[in-house]
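Novice: So you can see what is in the structure, the chains are spelled out below.
Number of protein chains: 2
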Amino acid sequence: MNRVAIIGTGLIGTSIGLALKRAKLQDVEIVGHDREPEHAAKAKKLGAVDRTEWNLIRTVERAGLIILAVPVGAVKEVLEVIAPHLPEGAILTDTASTKAQVLRWAEELLPDSVHFVGGHPMAGKETSGPDAADAELFKDAVYCLVPSVKASERAVDTVVNLVGLLGAEPYFVDATEHDSFVAAVSHLPIVISSALVASTTRSPAWREMAKLAATAYRDLTRLASGNPIMNRDIMLTNRESIIRWVDIFIEELKRYRALIAEGGQALGEEFKQTHDARERWLRSPRTVGVEPGPRVPGMGESMMSFLFGERLARASQEALRPPKPDENGKKSK
Amino acid sequence: MNRVAIIGTGLIGTSIGLALKRAKLQDVEIVGHDREPEHAAKAKKLGAVDRTEWNLIRTVERAGLIILAVPVGAVKEVLEVIAPHLPEGAILTDTASTKAQVLRWAEELLPDSVHFVGGHPMAGKETSGPDAADAELFKDAVYCLVPSVKASERAVDTVVNLVGLLGAEPYFVDATEHDSFVAAVSHLPIVISSALVASTTRSPAWREMAKLAATAYRDLTRLASGNPIMNRDIMLTNRESIIRWVDIFIEELKRYRALIAEGGQALGEEFKQTHDARERWLRSPRTVGVEPGPRVPGMGESMMSFLFGERLARASQEALRPPKPDENGKKSK
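Residue numbers (the numbering used here), protein chains in the order written: chain A, 36 to 368; chain B, 36 to 368.
Think of the hints as simulated: they come from the structure by calculation, not from any bench. Hints are supplied without guarantee of correctness; some may be wrong.
Where chains are identical, the list cannot tell them apart; a pair therefore holds if satisfied intra-copy or between any two copies.
What the hints assert, rightly or not - Derived DSSO-like pairs: lysine-lysine, alpha-carbon spacing no greater than 30 Å straight-line: (1) K307 with K289; (2) K174 with K160; (3) K289 with K174; (4) K59 with K79; (5) K79 with K289; (6) K80 with K56; (7) K307 with K56; (8) K111 with K59; (9) K307 with K111; (10) K79 with K185; (11) K56 with K111; (12) K111 with K174.
Isolated chain A (complex conformation) (with noise of 0.2 Å):
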């Protein structure tokens, strides 16, 4: 019996049981944590795990697959808490939004007998915890993987497979590039939109105003309702490369702002430019185009896996979908 251990079963660890248990994996156990056990319980319920376990230690206990699915802020504290517990070989993966903070914990806190591999699915919605799990989240998402320098082919393959399982594309990348690009298109929008609902809901105004609100508004402000506590604790692991994009964000509004008052032409062609780019963006395939390599084997080779032998490999080989046209009808590159 290969073991799996989800800890944090929340949106994200949630979502991944539901996904593995959907492929029906045989000889594969998998067994959930959660710091709050309600949580757990109602992953276990859903489907998600196959038991539960209220001790932290006790659930890494024999597993060969660990999923770090808690917030970037816990990572630390549960690295600390399991790391002289973990087996040795274990394969430890995490799914929090910077990785350079994280690569760095794990480099420091966990023995040379585990293989960290780094991951962040580019998906997620803004309610949280278990009820909001689906085990189509990560269909078609992108799913970052940032390998530690010390995890063998093997561990790496074997993250390669579950994000396949997830239905999502692996997509290699440095830590720092990650960091730096979920900055301008995850972390400086959460900026934008709690500094869109203090600018709003403060003003004296904003009784009457509140009645205008429209979808416009809605959409612009959703990342404010994520969870304070994640956001905060995304902005502090990533301070560097957020506060540079606020800077350029700002840089880019004064001039807008110079562009409004001016009234000319210029106004006009900037948003026929950033329309057309974001058509461009909309319309470009939707996958990271993973072709294999010496990082990304085969899934004929990644069997390699003691985890989840052959089996999960042919369920993860139909799982993976194979290249197919995108809506333009051409194939993803």
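Please build the complex by placing chain B on the supplied structure of chain A, with the hints as guidance.
Specialist: Chain B in isolation, oriented as in the chain A frame:
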């Protein structure tokens, strides 16, 4: 036969037409005109108008109610063309995104015999054109009404009836207030969306970054996909209010930058407060709750409208839902 003229059969004009036709008004003919003849033809094909008219001046001939559903940038020109040809006593309403400038144009250009009631439905999509039209577009939306000081009570009643037929909630507001409110909740978001696209897509790392852009980025940039000319014209007709709100927002971002740099408890508290403020807004009643009053007569009295007459008034009464408990079980207030 009472005639309703819809000038501009894009998303808004065609949606209004569809909603009116659905009400099965008798003895009412809806004439549609668009600068782009294929848009008018499309509106006819969709059943949003009874007939199309290629000549703008002939469109308003013998019309009792004229609905100007053109972008704010085209309002002045259309008013200049139609003003000398408007039937005496005609009621004119518009749907443009800003109101102070539109009211000034109406005051300046329209004869005293014409009744202008400015309007602005707080509903829309980033897609445009008659193909995106939907009879349900205005359902439960707030519909701002800004009557000109010279508009008769009958004219106001007629436009309130129209709003009721669209399934929207009339909300009377001063033009300057309207423009300041929408600057905060609709127009600043357009600037933010476009500036976010500009800062990211012009980054040298965009090709890689784009792969990690997911729902957060998609939602926050949605408004950048709006019509560039419309966006420009909104900025130009509501310049002062928008610039004021861009300034407020930049100050707010600087405050967030400082909170992130500090990295203390205050940042978590800030996210908590905006989280709660947004949740309160989401839970608040979605209606503006207009009570019958001097400016919003009961439907029985609005029969005075020569335009719609008894039949429409009855249809209108049926279309206007009675006050009903909102999702929290409280009555809309």
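Novice: Hint by hint, say whether it matches the structure.
Specialist: Each hint, compared with the structure:
Taking the shortest Cα distances, K307 and K289 sit within 30 Å of each other both inside one copy (18 Å) and across copies (28 Å). Proximity of K174 to K160 under the C-alpha cut-off of 30 Å is found in both arrangements, the shortest distances being 14 Å within a copy and 26 Å between copies. Taking the shortest Cα distances, K289 and K174 never come within 30 Å of each other, neither inside one copy (38 Å) nor across copies (37 Å). Proximity of K59 to K79 under the C-alpha cut-off of 30 Å is restricted to the intra-copy arrangement: shortest distance 16 Å within a copy versus 54 Å between copies.
Proximity of K79 to K289 under the C-alpha cut-off of 30 Å is found in neither arrangement, the shortest distances being 51 Å within a copy and 44 Å between copies. Taking the shortest alpha-carbon separations for K80 and K56, only the intra-copy value of 13 Å comes in at or below 30 Å, while the best inter-copy value is 50 Å. Taking the closest pair of Cα atoms, K307 and K56 never come within 30 Å of each other, the shortest separation being 47 Å inside a single copy and 35 Å across copies. For the homomeric pair K111 and K59, neither the shortest alpha-carbon distance inside one copy (32 Å) nor that between copies (65 Å) is at most 30 Å.
Taking the shortest Cα distances, K307 and K111 sit within 30 Å of each other only across copies (23 Å), while inside one copy they are farther apart (45 Å). When the C-alpha separation of K79 and K185 is checked against a cutoff of 30 Å, the pair qualifies neither within a copy, at 34 Å, nor between copies, at 67 Å. When the C-alpha separation of K56 and K111 is checked against a cutoff of 30 Å, the pair qualifies only within one copy, where the shortest distance is 28 Å, while the shortest distance between copies is 62 Å. Taking the shortest alpha-carbon separations for K111 and K174, only the intra-copy value of 28 Å comes in at or below 30 Å, while the best inter-copy value is 49 Å.
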